[in-house]
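Visitor: Okay, here's what each chain looks like letter by letter:
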Amino acid sequence: MAERSFAREVEDLRLGDGDTFRGEGILAITKALLQSGVSYVGGYPGSPISHLIDVLGDAKDVLDELGVVFQSSANEAAAAAMLSASVMYPLRGAVAWKSTVGTNVASDALANLASGGVTGGAMIIVGEDYGEGSSIMQERTHAFAMKSQIWLLDPRPDHECIVNMIEKGFELSEASNTPVMLEVRVRACHMHGYFKTKDNVRPSFTIKDALENPVRDLGRIVLPPAAYEHEREKIAKRFPAAIEFVKRHKLNEFIGPQDAKVGIVLQGGMYNNVIRALQYLGLSDAYGRTQVPLYVMNVTYPVIEDELETFCRDKDHVIVVEEGQPEYIEQAVNTALRRRKISARVRGKDILPMAGDYTSQVLLNGLRRFIEESEPRLLGNRPPAPDPSPVLALAEVQKLKQTVPERPPGLCTGCPERPVFAAMKLVEQELGLHHVSADIGCHLFSILPPFNIGATTMGFGLGPASASAFNVKAGKRSIAVMGDGGFWHNGLTSGIGNAVFNKHDGVFLIIDNFYTSATGGQDILSSRAKNPRRTTNNSIVKAVKGIGAKWVRQLDRTYDVGRLRDTLKEALTTKEEGPKIIVASSECMLNKQRRVRPQIDGAIRNGARVVKERFGVDEDVCTGDHACMRLSGCPSLSVKQLDDPLRDDPVASIDHTCVGCGNCGEVADAAVLCPSFFRADVVHNPNAFDLWRQRMTQRFIGWLQARRERQGAAA
Amino acid sequence: MKDETVHLPLGAAGPAAERPISIAILAMGGQGGGVLTDWIVRLAETEGWVAQSTSVPGVAQRTGATLYYIECMPPQDGLNPILSLMPTPGDVDVVMAAEYMEAGRSILRGLVTPDKTTLIASDHRAFATVEKIAPGEAIADSSAVAQAIGVVAKREIVFDMNALAARHGSMISAAMFGALAASGALPFPVDKFRALLQGEAKGQNSSLAAFDAALDRATAPTPAPSESPENAAPSQLALPNDVLDRIEREIPAPAQDMARRGASKVVDFQDAAYAQDYLDLLARLRAADEAAGGAARDYAFTTAAAKYLANAMAYDDVIRVADLKTRASRRARVEREIGLKDNQVLQTTEYFHPRAEELIGMAPTAWADWLNARPRLVGWIDARMNKGRRIKAYSAFGFATLYAIAGMKSRRPGSHRHAIEVAHRDAWIERALEAVARNYDLGVEILNCRRLIKGYSDTHARGLSKYDRVMAAIRKLEKREDAADWARRLREAAIRDASGVTLDGAIKTVESFA
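Chains as they are written, first to last, in the numbering used here: chain A, 1 to 715; chain B, 1001 to 1514.
Hints in this document: simulated from the structure, not taken from any laboratory. Any given hint could turn out to be false.
To be verified - The calculated label-pair distances, taken between Cβ atoms and stated as ranges, are: (1) A:692 - B:1335: 37 to 43 Å; (2) A:476 - B:1366: 42 to 48 Å; (3) A:547 - B:1379: 28 to 34 Å; (4) A:345 - B:1512: 57 to 63 Å; (5) A:542 - B:1206: 45 to 51 Å; (6) B:1335 - A:706: 17 to 23 Å; (7) A:612 - B:1397: 19 to 25 Å; (8) B:1408 - A:429: 27 to 33 Å; (9) A:573 - B:1379: 47 to 53 Å; (10) B:1335 - A:709: 17 to 23 Å; (11) A:547 - B:1512: 37 to 43 Å; (12) A:603 - B:1501: 22 to 28 Å.
Yeah, the Cβ is synthetic: ideal placement off N, Cα and C, and Gly gets one too.
Take these sequences, add in the hints, and give me the full structure.
Guide: This is how it looks when you write it as structure tokens:
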């Protein structure tokens, strides 16, 4: 089960004609798919599109009513391959993932799909994780669209526009027999907004109809000679069809006055920031009434040359606003205008930055320079534009630079992965540094302080594979870390199978927390929850043994730091050959708390006897060395200043958010740190025996304490 | 520059050249920034405005710094405003920071400017990992944030919203919503804010209580000093009169407070007689201070000695730990910390990991020497001793065990560990005495180096080794005029960095010229 319930959001999927949807962009997209009459949806979770997968996962009834098949795909390649249902049949289908990482994984299937072409509308929703706050390498999906000839939609960040582009996108796909990608940036996915909804559409031709009436056409299969024909068909038929459709349905927008010497060509996604930048320049109001003509490309591939010609013909200067690099659109605009002998000068990344977010601030500077150098009269008296630089130059603010600490994301309070890295740290102290290949997932936070573990990360599920070169006899072995999510995504074959087959001697640590936690806690094959719609509880250990691994250890409580440390040491030193595989399992604490806490609170309210645990520190025993924190980094374990002039250093302190996972005590024990930690067990609604026992021991303890008082006084 | 640009009249873009109200919220993952964002959006919508919010809540970012951004504006002539998805530095109306260093971060991002921005910030601290993992004090300086706020914010509402929310059983988001209502930065009446919370399904009573309290606190002319300091000074033991008299007589006034605290600490550690030892040693150090002209320096040497001598004499051993854990005051403190209620039962589990070393430490000197001469026997003992032991402090057996260990206190002065500590302490005192006669400040710095020794087991050993290396390095440069300065730098290098790399570097530097 996902980390939160989407029952309320599911209700939004039922909105009908004339209702108003209010909510997140990615949920508006989900609703738009149902309005477009999709027959099937798939995808792999990951920010920023996780919620699409989550909501559909909870929307069984709605989907059943509409006859829509929804799959939580094994990975993005599986999701992309799912679109093959639209190749021969008039079925509309959509898949979604985080991009460009997901598109990388999916690109084999996408290339095949795009080559043969589609009959039913095929839509790929990509959450473009680019710019500030992104968690991946900075690349553009645009390249994939161009190389495989998949149309790329980049709508204005406005729910109405996005929804419209999805509906039109399916039609475009069908009109041009080509899959379509819809690119939405992170902030647009999480953007709160509104649109007027329509009734959901039940597909007239269903998956069932297709299954019962199979069709095949050799000409759609990517094999010579059909493959050569596909390329010709792309150019001769599909490309013109798409251009015709985009023009006819006016998917791109001409905004503002039509007679001006300068103009802006922009990606739809850049529209809001461009308007704001123009407002700072006094060239637009807040409602988008701009004095500079805009050509808004809600379709960024293909470039519609006729429209460009119309826009640029009577202009002296145009600027292309295109986020990310390389500047594909700018190049295309240049080519088109030069071929058509249109003389407007094309500006773009010569004055706008090549890389990074195009924020209003960046666009303000770039557009100001563009207009200054082309049509300065437009700028008039120049209203004062926002400028933080005088403030940033103040001595007080400069000093702050040295003060404010970095605060990267980290493992949650009680995270079961923390003790794994604490154990690795202890092994490091004993056996020295090792080469550690990291993977994608929450566990990647190990690369940051306090653990500082992990040398490379090569992609989801590829941690073990990225250790594969280190396969020689040496004084030390490589260690590869991978999560359960990565394991099922591809790591079982690319990592473990690869290591078994190639007789790799390294250590492979699989961290199993029962969910794909980093993407929001979706179920996977090895999840231990019972999920009526999926088959769960499939053992990772059985899988690796099934693929031929011999040395396999399962630890079912990661909080046992001592045992983990010993197992790791054994794996690093054993004489046995072949991969040493350790599966460390404990439930993701965030999901566990969400599941368990309401139950516990309810039980306490109902008067049941419940023992609640949390940890504490004896501040007079703690000496303020913080060795415990260098093996933890838990948000609930912090420092506090004592108001005691005899003590210099702040002592450890555990706040009320502690969930009693036990890591502190285990680490203090395994690392032989100090006896300041204690676990406090509080019995709620104690029974008569609990109370009697406490009364008796407290009486005995009181007697002993009084005795010591007397001795102290006597001395 | 093109002259023609200056003389032209500014053509207004339209009737509404004004911009939307913009609000940036800086919070840490898990603080409820999303809830607060949601409230503000719904409030604006209820008032007929168009509101847009965005964020980048990477799903796993539970603890990292996050930013939520809201813009809102009324529609006009059937047109909705075009709202931006990211704050523009220098153009933010309200910045709300759910933690003090996050307020600092908002300033560094240029979001807070004096012409525009109302800054609403909670001045509580949630320490970042880098502040926690140094082997000593590494907490960021909050006063730097306060100073910056003073010069960059147009208006500020700053108080501990976290504590206020906790007092009302609510989350910080409710308190911040109250502070926003109080600020008047949004043109909506306070009642509308409250009505929104009243409509909440969950926890509306506590949210409303926190909201109202924050509203009062933010609008109060002078803040009531309601927050009681969490870390009240540990109550000092009542010292015997003869000890107090001696301090009065023998210790110069500037060092008396520290001497009383130090004496309390050693009495607490051992007994009143031990305090007399403390004062004997302190008297010797004071005499050297006097001779070195300490009167002109406020007796800094004696004050440092009063502090670190007490710490050196009250070393951390198993007996002390057992003693502290078996006190009535300790249980009271734990009960308070976890908020134990009357009809609940408490048990604590203590995590001990004794080694042969601790056992031998407790033994009388002669026995310990005999044992230490037989490493194989010690190894045999360690093999049996050296493992984690969990003791339930409030069970009869567990408590009795700890109580018995604490009872070894009377034998402590004759123990092996004590002999080691005394020898180490005396050597340290001699170094300080030797130094102070020649270079007063270096004498003080040598006393201060005692700070490096702390902790148990390996941690203690690491501290000792750092201390030894720092002292050895000081030896090399003690003749220099700026020796004290170098001693301080070496010590700070040792405190800041657990790996010892910084200290290695500092020592190399010293060796290059010494």
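Visitor: Holds or violated: 27 to 33 Å for the Cβ distance of residue 1408 of chain B and residue 429 of chain A?
Guide: holds, 31 Å
Visitor: 28 to 34 Å was suggested as the range; check whether the CB atoms of residue 547 of chain A and residue 1379 of chain B agree with it.
Guide: violated, 44 Å
Visitor: Do the beta carbons of residue 547 of chain A and residue 1512 of chain B sit within 37 to 43 Å of each other?
Guide: Roughly 57 Å apart at Cβ, these two residues miss the hinted range, so it is violated.
Visitor: Kindly confirm whether 17 to 23 Å is satisfied by the beta carbon distance between residue 1335 of chain B and residue 706 of chain A.
Guide: holds, 19 Å
Visitor: Just tell me: holds or violated, for the beta carbon distance of residue 692 of chain A and residue 1335 of chain B against 37 to 43 Å?
Guide: At 19 Å between Cβs, range violated.
Visitor: Honestly, do residue 573 of chain A and residue 1379 of chain B meet the 47 to 53 Å range at C-beta?
Guide: violated, 21 Å
Visitor: Would you say the C-beta atoms of residue 345 of chain A and residue 1512 of chain B sit inside 57 to 63 Å of each other?
Guide: holds, 60 Å
Visitor: Go ahead and decide if the range 42 to 48 Å is satisfied by the Cβ distance of residue 476 of chain A to residue 1366 of chain B.
Guide: holds, 46 Å
Visitor: Could one say that the CB atoms of residue 542 of chain A and residue 1206 of chain B fall in the range 45 to 51 Å?
Guide: For residue 542 of chain A and residue 1206 of chain B the Cβ distance comes to about 48 Å; the hint holds.
Visitor: Cβ-Cβ distance between residue 612 of chain A and residue 1397 of chain B: within 19 to 25 Å?
Guide: 24 Å Cβ-Cβ, so the 19 to 25 Å window holds.
Visitor: Just tell me: holds or violated, for the beta carbon distance of residue 1335 of chain B and residue 709 of chain A against 17 to 23 Å?
Guide: holds, 20 Å
Visitor: At the C-beta level, are residue 603 of chain A and residue 1501 of chain B separated by a distance inside 22 to 28 Å?
Guide: With Cβ atoms ~50 Å apart, the hint is violated.
Checked against the numbered hints above, the structure violates hints 1, 3, 9, 11, 12; every other hint is satisfied.
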